[in-house]
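Going by our numbering, 90 is the number at position 90 of the sequence shown; the sequence numbering is gapless.
Errors might be hidden in some of the hints.
[Stated by the list, open to error] Derived CB-CB ranges, DEER-like:
(1) Asp91 x Glu49: 40 to 48 angstroms
(2) Gln86 x Tyr46: 57 to 65 angstroms
(3) Phe25 x Pro81: 41 to 49 angstroms
(4) His73 x Glu49: 33 to 41 angstroms
(5) Lys84 x Ala32: 50 to 58 angstroms
(6) Phe2 x His73: 45 to 53 angstroms
(7) Leu22 x Trp70: 20 to 28 angstroms
(8) Pro81 x Ile48: 45 to 53 angstroms
(9) Arg87 x Ile48: 48 to 56 angstroms
(10) Trp24 x Ala80: 22 to 30 angstroms
(11) Gln86 x Asn26: 37 to 45 angstroms
(12) Arg52 x Thr20: 14 to 22 angstroms
Since the hints were derived computationally from the structure, they do not count as laboratory data. No residue lacks a Cβ here, since even glycine has one placed at the ideal position from N, Cα and C.
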Amino acid sequence: KFESHVNETSYSTSNYIKLTLLRWFNTAIITAIIAPFMYTAQDGKYLIEGTRILFTAELIQRPLIQLTDWQGHLKRHVLAPRAKDQRRMNDLFSAKEYSVGERYTDVT
Numbered sequence: 001k002f003e004s005h006v007n008e009t010s011y012s013t014s015n016y017i018k019l020t021l022l023r024w025f026n027t028a029i030i031t032a033i034i035a036p037f038m039y040t041a042q043d044g045k046y047l048i049e050g051t052r053i054l055f056t057a058e059l060i061q062r063p064l065i066q067l068t069d070w071q072g073h074l075k076r077h078v079l080a081p082r083a084k085d086q087r088r089m090n091d092l093f094s095a096k097e098y099s100v101g102e103r104y105t106d107v108t
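Working from the sequences, and respecting the hints, build out all of it.
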């Protein structure tokens, strides 16, 4: 960790703010840079349609990735049975850690 926080709430808040800004930057700024200005200057149809597609993709993609949890399935069903000892097998069956701030940015 490069930052020191007084408690977990402070850490989660900081994480939430940084992730929100990063995702907003990726959604709004990068899209505006990539899209030619003439398309956005048209009657607004391209801008609205592009924004709708982008938001719909973001609303669907992140939850599907979390639901499928392909890394967890790989660890539990392929790697864990082949573990050399019980401690390593238990480590492979441990739950994935997640950040509350990251989960909040998925819905905002």
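Falls inside 48 to 56 angstroms, the C-beta gap from Arg87 to Ile48? Since Arg87 and Ile48 have Cβ atoms about 55 angstroms apart, the given range 48 to 56 angstroms holds.
Between Lys84 and Ala32, does the C-beta distance stay in 50 to 58 angstroms? holds (52 angstroms)
Can the suggested window of 33 to 41 angstroms be confirmed for the beta-carbon pair His73 and Glu49? holds (36 angstroms)
Mind checking the hinted window 14 to 22 angstroms against the Cβ distance between Arg52 and Thr20? Holds - the Cβ-Cβ distance for Arg52 and Thr20, about 20 angstroms, lies within 14 to 22 angstroms.
Is 20 to 28 angstroms right for how far apart the beta carbons of Leu22 and Trp70 are? The hinted range 20 to 28 angstroms holds for Leu22 and Trp70, with Cβ atoms some 23 angstroms apart.
Is the gap between the beta carbons of Gln86 and Asn26 within 37 to 45 angstroms? holds (42 angstroms)
Between Phe2 and His73, does the C-beta distance stay in 45 to 53 angstroms? 32 angstroms Cβ-Cβ, so the 45 to 53 angstroms window is violated.
Note whether the CB distance of Trp24 and Ala80 lies within 22 to 30 angstroms or breaks it. For Trp24 and Ala80 the Cβ distance comes to about 38 angstroms; the hint is violated.
Please test the hint of 45 to 53 angstroms on the beta carbon pair from Pro81 and Ile48. holds (51 angstroms)
Indicate whether the distance between the beta carbons of Gln86 and Tyr46 respects the range 57 to 65 angstroms. holds (58 angstroms)
How does the Cβ-Cβ distance of Asp91 and Glu49 compare with 40 to 48 angstroms: does it lie in that range? holds (47 angstroms)
Please test the hint of 41 to 49 angstroms on the beta carbon pair from Phe25 and Pro81. For Pro81 against Phe25, whose Cβ atoms are near 42 angstroms apart, the range 41 to 49 angstroms holds.
The structure fails hints 6, 10 (numbered hints given earlier, in ascending order).
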